[in-house]
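K.L.:
Here are the chains, one letter per residue:
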Amino acid sequence: GAVVSQHPSWVICKSGTSVKIECRSLDFQATTMFWYRQFPKQSLMLMATSNEGSKATYEQGVEKDKFLINHASLTLSTLTVTSAHPEDSSFYICSARSLSVSSYEQYFGPGTRLTVT
Amino acid sequence: RKEVEQDPGPFNVPEGATVAFNCTYSNSASQSFFWYRQDCRKEPKLLMSVYSSGNEDGRFTAQLNRASQYISLLIRDSKLSDSATYLCVVTRNTGGFKTIFGAGTRLFVKA
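Sequence lines, in order, name chains A and B. In terms of the numbering used here, the first sequence opens at residue 18 and continues consecutively. In terms of the numbering used here, the second sequence opens at residue 987 and continues consecutively.
To be clear, the hints were calculated from the coordinates, so they are not data collected in a lab. Just so you know, even glycine gets a beta-carbon here, dropped at the ideal spot from N, CA and C. Please note: incorrect hints may appear among the correct ones.
Cβ-to-Cβ under 7 Å is the rule here; a few derived chain A residues that face chain B [to be verified]:
id, residue
1, F56
2, S60
3, L61
4, L93
5, P127
6, G128
Distance condition first, Cα-Cα at most 30 Å in a straight line; then the derived BS3-like pairs of lysine-lysine [claimed, not checked]:
id, chain 1, residue 1, chain 2, residue 2
7, B, K1028, A, K81
8, A, K83, B, K1028
9, B, K988, B, K1084
10, A, K58, B, K1065
11, B, K1028, B, K1084
12, A, K58, A, K81
13, A, K81, A, K31
14, B, K1065, B, K1031
15, A, K37, A, K81
16, B, K1031, B, K1084
17, A, K81, B, K1084
18, B, K1084, A, K37
19, A, K72, B, K1031
20, A, K83, B, K1096
21, B, K1031, B, K1096
22, B, K1065, B, K1096
23, B, K1028, A, K58
24, B, K1096, A, K58
25, A, K72, B, K1028
26, A, K58, B, K988
27, A, K81, B, K1031
28, B, K1031, B, K988
29, A, K72, B, K1084
30, B, K1028, B, K1065
31, A, K72, A, K83
32, A, K83, B, K1084
33, A, K81, B, K988
34, A, K83, A, K31
35, B, K1065, A, K37
36, B, K988, B, K1028
37, B, K1096, B, K1028
38, A, K37, A, K83
39, A, K72, B, K988
40, A, K58, A, K37
Turn these sequences into a full structure, and let the hints steer you where they fit.
P.N.:
Encoded structure:
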């Protein structure tokens, strides 16, 4: 099956610093990548949708200047949490849709656990 | 009201039991339906797609009722390893492709 990787798998940073999370599709080309956030005991919440070579579409309530998304190639998208605060601590998961698959299936990365101290 | 609603549980069942999860969705434009499984601190993993004709994969049976906007998952002969959160997931392509996750139903299977 299709594989999506994320790096880092976990990160601890100080308040006010920025953190970059990478999402890569390893064995397929992803037309679209999605970034989700999940707080403990809650469901995944879509933050933004990014298409290769174009600006990301952010969900309501998600600050685009705080969560910078870059989708420079068909296999890589990055999420940068700028000026992180403790309330940004969460589990960030990316997913990707395959260019060659007609179904609506998404492939998820293993997630990045961010802790802001 | 959430677009995808699930009973949060938890469901506590003994090994070997049969357990059923229900899910309802409110947007009639929904196109594809899935059950995902999520283990603690892990990413969701696709369990199975759901079709109107119903589909079965081993001990798991999924059913979709478009008229009632209702999705179900039946697990037979529960195993300890089935303990997880089961997410009902719906996709639609209105105003852009969207995937909507239910909040999940927690299952604990006890020995």
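K.L.:
State for each hint whether it applies.
P.N.:
Here is what the structure says about each hint:
no. : hint                 : result
1   : F56                  : 11 Å, violated
2   : S60                  : 4 Å, holds
3   : L61                  : 5 Å, holds
4   : L93                  : 18 Å, violated
5   : P127                 : 5 Å, holds
6   : G128                 : 5 Å, holds
7   : B:K1028 with A:K81   : 26 Å, holds
8   : A:K83 with B:K1028   : 25 Å, holds
9   : B:K988 with B:K1084  : 14 Å, holds
10  : A:K58 with B:K1065   : 23 Å, holds
11  : B:K1028 with B:K1084 : 22 Å, holds
12  : A:K58 with A:K81     : 25 Å, holds
13  : A:K81 with A:K31     : 21 Å, holds
14  : B:K1065 with B:K1031 : 18 Å, holds
15  : A:K37 with A:K81     : 14 Å, holds
16  : B:K1031 with B:K1084 : 18 Å, holds
17  : A:K81 with B:K1084   : 18 Å, holds
18  : B:K1084 with A:K37   : 24 Å, holds
19  : A:K72 with B:K1031   : 28 Å, holds
20  : A:K83 with B:K1096   : 44 Å, violated
21  : B:K1031 with B:K1096 : 22 Å, holds
22  : B:K1065 with B:K1096 : 8 Å, holds
23  : B:K1028 with A:K58   : 12 Å, holds
24  : B:K1096 with A:K58   : 21 Å, holds
25  : A:K72 with B:K1028   : 28 Å, holds
26  : A:K58 with B:K988    : 16 Å, holds
27  : A:K81 with B:K1031   : 28 Å, holds
28  : B:K1031 with B:K988  : 22 Å, holds
29  : A:K72 with B:K1084   : 17 Å, holds
30  : B:K1028 with B:K1065 : 19 Å, holds
31  : A:K72 with A:K83     : 15 Å, holds
32  : A:K83 with B:K1084   : 22 Å, holds
33  : A:K81 with B:K988    : 24 Å, holds
34  : A:K83 with A:K31     : 16 Å, holds
35  : B:K1065 with A:K37   : 39 Å, violated
36  : B:K988 with B:K1028  : 24 Å, holds
37  : B:K1096 with B:K1028 : 21 Å, holds
38  : A:K37 with A:K83     : 12 Å, holds
39  : A:K72 with B:K988    : 28 Å, holds
40  : A:K58 with A:K37     : 24 Å, holds
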